[in-house]
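2 protein chains.
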Amino acid sequence: MEDQTIRVELTNSKKEKPDENHLEFGRVFTDHMFIMDYAEPIGWHDARIVPYQPLVIDPSSMIFHYGQSVFEGLKGYRTETGDIQLFRPEKNFQRLNHSNDRLVIPQIDEEFVLEGIKELVAIDRDWVPHTEGTSIYIRPFIISTEPYLGVSPSKHFKFIVIMSPVGSYYKEGINPVKIAVENQYVRAVKGGTGEAKTGGNYASSLKAQEIVEKEGYSQVLWLDGMERKYIEEVGAMNVFFKINGEVVTPQLNGSILAGVTRDSVIQLLKYWDVPVSERRVSMQELYEAHQNGTLEEAFGSGTAAVISPIGELRWNGEHLVINNGEIGELSQKLYDTITAIQYGKVEDPFDWIEKVNLKSKVNL
Amino acid sequence: MEDQTIRVELTNSKKEKPDENHLEFGRVFTDHMFIMDYAEPIGWHDARIVPYQPLVIDPSSMIFHYGQSVFEGLKGYRTETGDIQLFRPEKNFQRLNHSNDRLVIPQIDEEFVLEGIKELVAIDRDWVPHTEGTSIYIRPFIISTEPYLGVSPSKHFKFIVIMSPVGSYYKEGINPVKIAVENQYVRAVKGGTGEAKTGGNYASSLKAQEIVEKEGYSQVLWLDGMERKYIEEVGAMNVFFKINGEVVTPQLNGSILAGVTRDSVIQLLKYWDVPVSERRVSMQELYEAHQNGTLEEAFGSGTAAVISPIGELRWNGEHLVINNGEIGELSQKLYDTITAIQYGKVEDPFDWIEKVNLKSKVNL
Ligand SMILES: Cc1ncc(COP(=O)(O)O)c(C=O)c1O
Ligand SMILES: Cc1ncc(COP(=O)(O)O)c(C=O)c1O
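Quick note, the sequences are listed as chains V and X, same order. The numbering used here puts the first residue of the first sequence at 21, with every later residue one more than the last. The numbering used here puts the first residue of the second sequence at 21, with every later residue one more than the last.
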C-alpha cells in the first residue's frame, strides 16, 4: 500500500448509545466505521474512517453470488482506569491474511490495519462500555465487490471494520451447555476452507445447529468430514477435554480454525505446568474416558464466551454427563485468568495486551 | 405468500445495449431487475420489477459475514421467429428450494417466481440478443440481509433476479479443454453443501482453479472429499465419460450439484437407447479405461457451455489424452440436439421449453 494515511470524516449526528446493562450481541453499531478499497492494479487504497452507513453495492457484485469473503472477530476491553485495550489483535490480522490466502483475496498490511482499528476505537471510545463483563466487539471483514457473474477471483474488494458494544456472555453466571455430537452434517473437511474464517463455513453450519436446537441442545460437536470419528470443533469454538489430568485439544489439521483463545489456553496451561497436547481425539476415546471416569472437564474456547464449559454430550443416543454438569476447576481458572488479563486486572506475562491510545489524532 | 401481484416501475433512462457480436459473460445487465423481500413473520412480500439499481445494505447484514445465500442460473433463448423461450426453468426453482432447505432459507413459491421472471424477460425483451449462439443469462439469487452479527439463520432476505445478455460460449468452435485432477483441495464433501447452489462452494473452489490455470489447465476435476478417489464434478459442471460404449456419470451422492443439463443429457441418451448409468466412478477406473483404450469420450455439462468436451486429463503426472483431443461424436450430437431444442430449431419431445409471452401486461 502506497498511501499510509487514514482520512477521517466524523459524523455530525451521533446515535444514542444503548443501555449498558441490556446490551445484546451484534445488533447495535457505533458511530463510525473503517473502510478501504482494493482494485487492480492499484491495490488497497483510500483508507478512511467515516460515519457508519449502508453500503451501496451493485446486485451483480461477487459477494452476493460466489461468497468470496473473510472476516475476523476481536474485542476491546475497558479497564478499571478507563483505558481501552485489545487482546492479541495481531493474531487476528495474521489469521485474516491466512484466510485471504485460501480465499484468493489480496493480503492486507497487518500493521496498518491494526493502526486503523485503534484509531477507530479511539474515535468511538465513548461506545466502549464500562459495566463488568462488557466490551466492544470489533468485526473486520473483506467482501468481493467486482460486478461480474463469472466464477473467478474478484478484482475489487472492500475491507471494512464495524464495532458493536456487547454485554457479558455470562450474565447469569457460567452455566455448562448441552452439546449434540453431529453425525450427519459436516462443517469442514481437509482440503476445504475449515481453517479459514470465511462465510461459507458458517452458512454450512446453520442446518445442523437448527436441528439440535429444536432438540434442546445449544450447539453441535463437529466431527471430521472424512471418517466422522475425530472431534474438530464445538459450534463456532475450539474444544478442549481434560482426560485423566491431561488437557487435549484436536490438532490443527487443516479443517479446524486456529482460535486465538485456543492458543492462549494452551500457553496458559504450559505456563502452569498442566500437561496439554494437541492431537487427534476420537469420539470413541472420549466415550471410553467417560465410561471409566477419566473425562474430567470439557469446554469450548472462543472470543465471544472465552471459555464455555460443556455439561453434557449426546452421542448416538448416549448422554455423557461431564463433571456432574458443572464447570470444572481448570475451566474456571482459565476463564478467570484470561478475562482478568483482558480487563487489565492482573499482570500480563505474555505481552498479550495492546493498549489503544485514546489521544486520537482527530478532534471529537 | 399472500399478495400475488408484481408491482412494476419502469426505468426512464434506458441503457445503451452492447454490440451483439462482442458480448462478454455477465458484465452488462439489462434495464430492470426483479426483487422481493422476506421478513418474519410476514414471509415473502413486495414483489416488484424496478430499474436495475445498486442495493443499499447495512454493513452488518449477514450476507457479508456468514454467507447465507443461494443462487441459480438459466438462460432465455431467441428463436428464429423472434420468440423468447426458457429451458426447463421449473427445474431451477425446484433446485433453488432444495438449496434453500440446506441453507435454512425460507422456501419460495416456485410458480410465482417463474411468472415474475417471465414478466421481467418480457419487459427487457429487447435485451435478448438475436445473433447465433447468444442468449440472455438469468441469475436469480437470495441473500440474507438481517443486520445482525450472530451466527444464526437470518430473519430477512432478498430474492433478486438480474439478467445479462451473453455471447456464444464457442465463438471459435468447440475446442476440448485440458483438465487437471485435483488432489489437494476439495470442493465439497458428504454432509456439506455440495448439492446446494450456494456461494461458499464457489469461494472454496477459487484456489485450486487459480493454481491449475497457471499451469495451463482450464479447470479442475474434483474428487470426493472422503477418499479422494471418486470423481465428482469438473469445474462448475457435471461430468460424463463414455467408456466402452456406455456413458457413465457420478451418481448424485450429496456432494454433487444436480445439474439441469446433466439430467437433460441422461434423458436424451435414454431416448436414443445409449446405455447410461449413474454410479461411482473412480479415477483409477478411468485411468485403466484409458490404458486399455476404452475411454472414448469425456465432457462436462452445464448451462453456460451446454457440453464442454475434455481433451486431456492430468493425473499424478500422467497425461490422459482422450479421443485424440477432439470432440467425440456423441458429445457433438448431445450439444447439437440440446442447443437445437433450446433455440426452437427442432421438436421438443420432452416438453422442456417454456415460452415467454411477449405481450407483457405493462406498456413499454
Ligand atoms: C469456527 C470457529 N472456531 C473457533 C473459533 C474461536 O476462535 P477465537 O478464539 O479466535 O475467537 C471461532 C471464533 O472466532 C470460530 O468461528
Ligand atoms: C457446481 C456446479 N455443478 C454443475 C453445474 C451444472 O448445472 P446446470 O446444468 O443446471 O447448469 C453447475 C452450474 O450451474 C455448477 O455450478
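Treat the hints with caution; some may be incorrect.
One copy or two, either will do: identical chains are not told apart, so a pair holds if it fits within one copy or between any two.
As the list claims (entries may be wrong) - List of simulated lysine-lysine pairs, DSSO-like, C-alpha gap at most 30 Å:
no.: 1; residue 1: 375; residue 2: 210
no.: 2; residue 1: 234; residue 2: 365
no.: 3; residue 1: 353; residue 2: 365
no.: 4; residue 1: 34; residue 2: 234
no.: 5; residue 1: 227; residue 2: 210
no.: 6; residue 1: 249; residue 2: 35
no.: 7; residue 1: 210; residue 2: 138
no.: 8; residue 1: 365; residue 2: 37
no.: 9; residue 1: 175; residue 2: 198
no.: 10; residue 1: 210; residue 2: 249
no.: 11; residue 1: 37; residue 2: 175
no.: 12; residue 1: 234; residue 2: 175
no.: 13; residue 1: 210; residue 2: 365
no.: 14; residue 1: 234; residue 2: 198
no.: 15; residue 1: 198; residue 2: 37
no.: 16; residue 1: 379; residue 2: 198
no.: 17; residue 1: 234; residue 2: 37
Calculated from the structure, these hints are not laboratory results.
> Hint by hint, which ones does this structure get wrong, listed from lowest number up?
Replying inline: 1, 2, 4, 6, 7, 13, 15, 16, 17
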